Structure formats: structure tokens, C-alpha cells
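Protein chains: 2
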Amino acid sequence: MMRKFVADKARSVLRCSLLDRHCRSLSSATISAPDFRSSSMDSSPSKSSFPVTLENISQKVLKCEYAVRGEIVSLAQKLQEELKAKPGTHAFDEIIYCNIGNPQSLGQQPITFFREVLALCDHPVILDKSETQGLFSTDSIQRAWEILDQIPGRATGAYSHSQGIKGLRDTIAAGIEARDGFPADPNDIFLTDGASPAVHMMMQLLIRSENDGIFCPIPQYPLYSASIALHGGTLVPYYLDEATGWGLEISELKKQLEAAKSKGISVRALVVINPGNPTGQVLSEENQQRIVEFCKEEGLVLLADEVYQENVYVPEKEFHSFKKVARSMGYGEKDISLVSFQSVSKGYYGECGKRGGYMEVTGFAADVREQIYKVSSVNLCSNISGQILASLVMSPPKVGDESYESYCAEKEGILSSLSRRAKTLEEAFNKLEGVTCNKAEGAMYLFPRIRLPEKAIKAAEAANRAPDAFYCQRLLNATGIVFVPGSGFRQVPGTWHFRCTILPQEDKIPAIVNRLTEFHQKFMDEFRD
Amino acid sequence: MMRKFVADKARSVLRCSLLDRHCRSLSSATISAPDFRSSSMDSSPSKSSFPVTLENISQKVLKCEYAVRGEIVSLAQKLQEELKAKPGTHAFDEIIYCNIGNPQSLGQQPITFFREVLALCDHPVILDKSETQGLFSTDSIQRAWEILDQIPGRATGAYSHSQGIKGLRDTIAAGIEARDGFPADPNDIFLTDGASPAVHMMMQLLIRSENDGIFCPIPQYPLYSASIALHGGTLVPYYLDEATGWGLEISELKKQLEAAKSKGISVRALVVINPGNPTGQVLSEENQQRIVEFCKEEGLVLLADEVYQENVYVPEKEFHSFKKVARSMGYGEKDISLVSFQSVSKGYYGECGKRGGYMEVTGFAADVREQIYKVSSVNLCSNISGQILASLVMSPPKVGDESYESYCAEKEGILSSLSRRAKTLEEAFNKLEGVTCNKAEGAMYLFPRIRLPEKAIKAAEAANRAPDAFYCQRLLNATGIVFVPGSGFRQVPGTWHFRCTILPQEDKIPAIVNRLTEFHQKFMDEFRD
Chain A
651 MMRKFVADKA RSVLRCSLLD RHCRSLSSAT ISAPDFRSSS MDSSPSKSSF PVTLENISQK
711 VLKCEYAVRG EIVSLAQKLQ EELKAKPGTH AFDEIIYCNI GNPQSLGQQP ITFFREVLAL
771 CDHPVILDKS ETQGLFSTDS IQRAWEILDQ IPGRATGAYS HSQGIKGLRD TIAAGIEARD
831 GFPADPNDIF LTDGASPAVH MMMQLLIRSE NDGIFCPIPQ YPLYSASIAL HGGTLVPYYL
891 DEATGWGLEI SELKKQLEAA KSKGISVRAL VVINPGNPTG QVLSEENQQR IVEFCKEEGL
951 VLLADEVYQE NVYVPEKEFH SFKKVARSMG YGEKDISLVS FQSVSKGYYG ECGKRGGYME
1011 VTGFAADVRE QIYKVSSVNL CSNISGQILA SLVMSPPKVG DESYESYCAE KEGILSSLSR
1071 RAKTLEEAFN KLEGVTCNKA EGAMYLFPRI RLPEKAIKAA EAANRAPDAF YCQRLLNATG
1131 IVFVPGSGFR QVPGTWHFRC TILPQEDKIP AIVNRLTEFH QKFMDEFRD
Chain B
651 MMRKFVADKA RSVLRCSLLD RHCRSLSSAT ISAPDFRSSS MDSSPSKSSF PVTLENISQK
711 VLKCEYAVRG EIVSLAQKLQ EELKAKPGTH AFDEIIYCNI GNPQSLGQQP ITFFREVLAL
771 CDHPVILDKS ETQGLFSTDS IQRAWEILDQ IPGRATGAYS HSQGIKGLRD TIAAGIEARD
831 GFPADPNDIF LTDGASPAVH MMMQLLIRSE NDGIFCPIPQ YPLYSASIAL HGGTLVPYYL
891 DEATGWGLEI SELKKQLEAA KSKGISVRAL VVINPGNPTG QVLSEENQQR IVEFCKEEGL
951 VLLADEVYQE NVYVPEKEFH SFKKVARSMG YGEKDISLVS FQSVSKGYYG ECGKRGGYME
1011 VTGFAADVRE QIYKVSSVNL CSNISGQILA SLVMSPPKVG DESYESYCAE KEGILSSLSR
1071 RAKTLEEAFN KLEGVTCNKA EGAMYLFPRI RLPEKAIKAA EAANRAPDAF YCQRLLNATG
1131 IVFVPGSGFR QVPGTWHFRC TILPQEDKIP AIVNRLTEFH QKFMDEFRD
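Top to bottom, those sequences are chains A and B. Our numbering applies: residue 651 is where the first sequence begins, and numbers increase by one. Our numbering applies: residue 651 is where the second sequence begins, and numbers increase by one.
One should not assume that every hint holds.
As the list claims (entries may be wrong) - Here's a subset of chain B near chain A, in silico, CB distances under 10 Å, partners left out:
(1) Asn706
(2) Ala805
(3) Ser1067
(4) Ser1069
(5) Glu1083
Calculated from the structure, these hints are not laboratory results. Because the structure is a prediction, the values reported are computed rather than measured. Just so it is clear, CB atoms sit at the ideal spot from N, CA and C, and this is done for glycine as well.
Work the whole structure out from these sequences, hints included.
This is the structure we're talking about:
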């Protein structure tokens, strides 16, 4: 009894502190348990016998939240198991995971050339065999040889340089140069297991205490709030303006910076996600220029999350890297501290499971870079397949290569389909009562706003949930569709949203729209004031 | 000028605090810079224009050290570049990296079966092709199919469950059961990008402040000191007894626990590395039982680094997992909190670059396990190739499989060669004047003690280096051989050691021994009192 009391108290303290520090909508968005009921914990004794308890672990860990794998996903996994064990027990026959940008889990196929090269690098002894000519494209064989020649001893199973294999960094730097039209230095590239560890590394470097603040857009991708919490810093919000298509206003940045300063918070860095996650907007070059100016004036490190750089769906917008924008303004290495994050998980490649990515670190003093190098050394290196893939993504087949045409067709097929899906879903959301949805100009998500009836908000309160979490849970239980409540991304207090990926395969979209529309109608009927 | 003064001052403050907190031998073992001279930093302006400086980054990062990729390795890389640019400029024609357990970088070949399966999972479309039969073994094709069937949608490019693919965890749990003779639960397995991130995760969970201590063996693998520093805790040392083959005495643990308590340190966990790194000893079962008792009595989490479980070279010793030992003593889930770390980087497989590994987490309350799950969720999942490899390592080919014989031959060839190399190097070290070296019963290292003449110690002081770092640098400059100074692993104050891997290929060992012996003789002649 005592134990339970203490644990409940700790949870309640936690909730209060969250309520206090952020906004009410957060309170029920904390990540929840995986289902351990089938595990050995079943037969576990009273918890008091364990030395580690919720009360004596790091409070940074306790405070950290990660909604895209939270409660709603645990419920989805439970339903999926029930469907498997007893088909027909629910009103749907499959779970549609729209909670996370995980394209291949929903049927997107990998780019053939990339996978050919990875397979050949994994098992190079077949490179010389005649059968290999029949199985693999000529240019994939050639590329594999080139990559192997860049790896000391051709050892794809060896730890590499802590920043990643030098030859692959050369390739990536060349790819950045080709993209931006400005020089890139392979010594600025740090290859990582996806973009997430790179973000953690920068937070680890910059955050000294809770008095250090990191500017994040609201809504934001929860990696940022989680990483800031884990490193003991303070998230300083700046709100994107939903009414202007999730516009990023410098006046808002200035206002929030002053507010943070008045609380004794020293703001170290500004996170910009472009194209936006969960909001899907693509920044204009002019807006980017003003952001660069702002960071320069205020001495902020610009942390540019550019993992969706290949995901732009509207002809009137184009991706510009912040480095290109800064260099175009005449700002060099010394003028702005800029970190750009890129990943193999997004774009048209969608290779989430390969955990490849990099950060390009510019505008840091040499002695500080040594510290970044040191931290990256502690984990030795990122995985070599992910490193190879990052180089392929930044240097895909070129005109004249055997794979070029099929590569272009695969890429174009994926991107144009994503564009169509984004449009179809956006239109469907905008037809729902009380729902408005901005256009997904880029990235992989829609983030519609839902105006919930007062009765629904009260019912959510009674169920101890944020109203949008309440909606998403009802949706899941009724349809098998998994959205993430907006409260997991933070939002203007009193507004409610959800994030939906545009990733289900096209042939499934009509059914999703039907199920969603039907559910929504019933929900509104039930709760209409 | 001002900048340099401030930076020097910061370094000097850091050094003093290190000297104060640990022992003198540490002072010059901090990791040093990669060589950025060829980078764009060359033309960088005065550092004062950058917002991020050594003075305003996280002091946890600044204090963190990681010697196995430190100063000595940077020097080695510089020499290697010089050799490449101007062959003949040094007294040697290649750098022999004995600094890190990175077998394939020194020519060890991967296990064929493992690589076949990885390649097929990377590019599954070839599984059905007739040419594939001629290129791959039957059982690798079958295993690839089995693995693909365990992955939802056969999508090897999708994020998996945060703990790793369930089917692969089933395989690993079965492998642990077969090894130990006690049940293992797939829900206890957390797959990670090598063992290092798993260690970080546990440190992140357990460390609340510098008043939280983690017991570590001295000498230790610097991942532990680095991770404790990065998470802001205190390393509580317990010294292994070199005179008894790096024995682990419970009386020493008790003494150090009391000493820590008297300083207000709350010790949360005990790290044991078995087989030992850098020390190479294999613990006896009886010793392990006493460690389990100690952890149970004192309420410590037992963090068992068991990544060298396949690396045992002496017939009189055998690896026993701590879980097996605890269960054999009749202790169940509720009696002891135990985390076992395993990696694909070591053993006979040596697949460092694949970044695969797992931790088996037992004896934690369900609500604390939820927190571990949450933290592992923030990075989404570990890389799928590494996950697959971890399952292969714990479930290699069996009698009757087509690959079984060649697999056994490859494995046996690697392990018996490592055993011979360990013996040859140990004997060579013991022949050197002033050097004594314990047997490498396991792991991949020798950690000889060197009694340096007073004159050498004075010369090291004059050069502002730890004496063992001074020795290792001279050795590298004279021979191209890279050892890591003992000060990077910590050691009894006033004693000096270095760590040498047993990984150079056998045909190179005689030359290494000759060069080392010749250098050592000259060094002693130069400095003999």
C-alpha cells in the first residue's frame, strides 16, 4: 500500500509540474507502458523489493515524453494482437499506423539501387562471381567496389573513424555542394545512427542546466522536447501561426526570447524544422533569411532539422538548406553557428530501419568541435550500412548509369504518390465538421485542428485524458486508425489537433477516409452541444 | 590573446578538478583533438566571434574522457597520413592499431553465414532468383526467409518496435536459455546499436546527480567513466588486484562502499566486466556468487558487461553469465536487479561496424521498465541489420545445417588464433625489462605493467604527460605500434600500464614483438637510472 501511495504521489507531482511548466493539454499525453502483461513481470512480487523505483530514478527520465510511441501506440499494439488471436472481435480487420513517419512499414518499397549496393557491401565476396552480374545492376556493383575502396582494408565490419568513413563523408560533402552551390567540408560531417542521436549530441553539448533554453517551434517533433528534458534544459516555445499556414514570425521569436530572458533563461539555440514536422509547411527563402539574421544577432546556434528536404509537394515551394541561405546572404563560417540534420529515414528513400544520418556542423570554434568529436567517439561510430546509405542518398545514380532510369521512376512514383495522398487526406479532413487542415506543402504529415464540442471536452476530462487524446483513442477503438494527439506535439493552449501521416498506400486511402468520416460523424453526433 | 588565455584557463581548471577528483595519472590522458588542420577551420577567425565556447558548453561534456580514441590515436592517424603522402619518412611502413578491439580493421574476416543472411535481408528480391542458389548457402537463404517472416511486412527498412523486432528477441531469448539453462523472456531484451548505447541508457536512468555513484572496476573500460561523466554521476572505484591476476575482492568492494557513503555518495549500481577489459581475467563462478550476494545485500543494480562471453582462451576457465549464476543460487526475478550487456562487436564475430547488441533487463519493477522502454523509444529503434546480426550471433548454424562445418571452422580458426596471439604477446611482454603481464584468460587485451625509471618519469613530467602516455607516444613514433596508456583506464596511483589488443594478424606478431623489444631496450637504455 505504502509503495503504491508513494508511486501515485510521484506521478501526481510529475503531472503538476508538467501542468505548471507547459500547458494543460500536455497532462495526459505522456508515453505509456508497452504491454508487459505477457512478460515475466506478471509473477513479480511487490515492487518494494526492487532497489530501483520511480522515486529514485533520474527525474529527467521521468519528465521526458515521447508521444509518437506513446499510449495510443500501446493500445494499437494491443488491438493488433487481439485481431491476430481472435479475428472478427473488432469492427475493423487491421490497424492502420498513421502515427509515425515509417513509410516501409506501410508498404513503401526501398529504392532498388540502394539495396543492391548495401547487399554487395555486406557480402563483398560475391562481387567477383559471375552469377552476381545476373542479379545486380552494373552500376551497383561498381558503386560497391568504389565504397569498399574507401573503407580501410575494405572492412565493412570494422569500427570507422568516429565521424564516419572519410570517403563517404567526401561523397556526402560533394552532394551538399551540388545541392547548395556552396562548398561543403567532409570534416564538418558527423555520420550518426539516424538524425536523433545527432540532435541528442548537440543538446548534450549546449545544455548546462535548466537555465539553458532551446527555442523550439510549437507544434514540434517530440524528439526535441524529449531530448531537452533528458539533458535537463528548458524548452523555450515559439508558436507557429496556424492561420497563416504555420508561419514562423520573427516578432514571435523576439517576444518569446524576452519572456525567456526575464525568467533567467539563457537561450542557446533555435530549432527550425523545415519542411515542418508535424505541420508540413515549407519555409520561404525570405523567412529563412530573417531567421538567419535573428540567430546571428542573438548569438543563437541554428539547429536546422532538414530531414524532409526531399519531401516537397507543391510547385510554388522549394527546399533551401539554411546553409545555402546563409551563404547566399554572404555569411561565412565565422558568421553563423549552424548545424544541419539529415536522415536516410525520410525523403523518397524512407529507410528508417537502417538508422543512417548525419549532421553538418559549421561555424564552431575548433576547440568546441573537438568536444563534439569526443562525444561522438564515446559510441565509437555509427553503423556502417547506415553510413553507406547516407552517402548513396546524397549521391544517387546519375544520367548514363544503368540504374538511372529505374531509380528515377521509383523516386518519382513514391513522391508523386505522397503528393496525391497528402492532397486527398487534406481535402477529407477539411470536409469534417469542426475540422480545418492546412496544406501539407512538405514532410509526411497533416496536422488538422479539431474544434471539439464542450461535451466531448468534459467527457475527456472525466476520463482523465486530453480532449484530443480522447478523440484519437475513440477513433482507434472504432476504426483501427492510429493518429497522434496534438497534445504530444504541444499546441496553443485550448486548441486541439492530431497528426496523421500521409503514408498509407494509395489503395487504402479511400477506406481510411470513409472510416474516419463515419467515425467523426458519430462522434460529433454523440457529443454535439 | 584574450581568447587563448581564457581557453587555457578553462583547461587548467579542468585539469585541477580532475587531479583533485581522481588521481594524478589521469591528468594527461584526456582525449585530444582530431587533426582539423586540413579542414575549413584553418581560415577561421578569432574564436570570440562564435557564440559557443569551451567556457559555455556543458561541463559534463568537458570532463568526459575517452582514451581509446584519444591523443595517441590522433597522432597515429597523423603518422599514417604522412606515410601515405611520403612513404619512407618514418622508420616503419605501417601503423599497427593495437589500441582498440576492432578485429576486422586488422584483417579478421567476418563469419560467412552471418554476412550471407545480412545481404539477403538487405535485398530480399534476389531470394527467389535461381542465381542466388549458386551464390548463397541453402541455410542462409532459409534463415533469411525466416527472419523476413518475423518482420512485419518483411520491411527491413522500417522502424521496429522500440526494443527490437519481436521475432528476433524470441531467437535471442532462446539463445540465452540454451546458454544458461534458465528461462529468458523476449520482453526483457532491448536491442541497441552496440552495447554502448545500452550502457548509456542505464546510466541515464540511474544517475540523478553527482551524489549518485556507480561502482566501476579499476582499471576499467573508459566507456564507463565517460558515460558516468556525461550523465553527471560519480565513478566509485574498486581496484582489481593485479597480484592475483586482477582478482575482484569483496573486501575491497565493502571498503570502497563505506568510503563512498562517508562522502555522501549513494552507490546505485556495480559494473562488472567479465571477461575483463582491459584486464583479460575470467571470473570464477564462486567469485561471481559473492558479487551477486553483495549486490543483493547492498541493493545495487548489477550491470554485467558480458560482451566478451565467447572470448575465453584457457581451458581451466569458463564463461558463466551473471544471470545463470544468480539463478543457480536460487535467486529469481525479484531477488536481484541485473542487466547483462552483449554485443556483436566482440566474440569470434567481431562485427564492430554493424553496431548490434542488446541488454537483458531483469529484476526491475514494471513501472521502471516502462521508463527504460520510453527512453529506448526516443531513438525509435536500433538498426535492423545490427538486430538481425544479434539474433544470428545468439543462434548460429546448428549440426546438420549446410553452413555448420564451415561456420565451425571459421569460428575455431579465429578463436584458436586469438588464443595463440594472446600467449605469444604475453610472453613477449614478460621478457621486457621492468614489465610484468598477467595472462589474458579472455577478452581481447593484455594490460602489462611497466616499471619506468625515475628519469623517464621526470622526462614525462617535463613533457607534461603521464609517464605511460609518454612511453606509448615514444613507442608509436619509433615503431608505428599504437598502445593505449594505462592512465586512460585508470590504475593504482603510481603504477603505469598500457593496453594492447591481441588482434594483429598472426603473421605480423613476430615483427611487432621484434620492434617492441628493440624500442623498449633503447628506451630503457636512454632513461635507466
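(request) Go through the hint on alanine 805 of chain B and say holds or violated, using the shortest Cβ distance to chain A against 10 Å. (result) holds, 4 Å
(message) Checking hints one by one. Is glutamate 1083 of chain B an interface residue toward chain A, by the C-beta closer than 10 Å rule?
(response) violated, 34 Å
(request) Grab the minimum C-beta distance from asparagine 706 of chain B to chain A and call the hint holds if it beats 10 Å, violated otherwise. (result) With a minimum Cβ separation of about 8 Å from chain A (threshold 10 Å), the hint on asparagine 706 of chain B holds.
(request) Go through the hint on serine 1069 of chain B and say holds or violated, using the shortest Cβ distance to chain A against 10 Å. (result) violated, 21 Å
(message) Using the nearest Cβ pair, does serine 1067 of chain B come within less than 10 Å of chain A?
(response) violated, 17 Å
The structure is inconsistent with the numbered hints 3, 4 and 5, although it conforms to all the rest.
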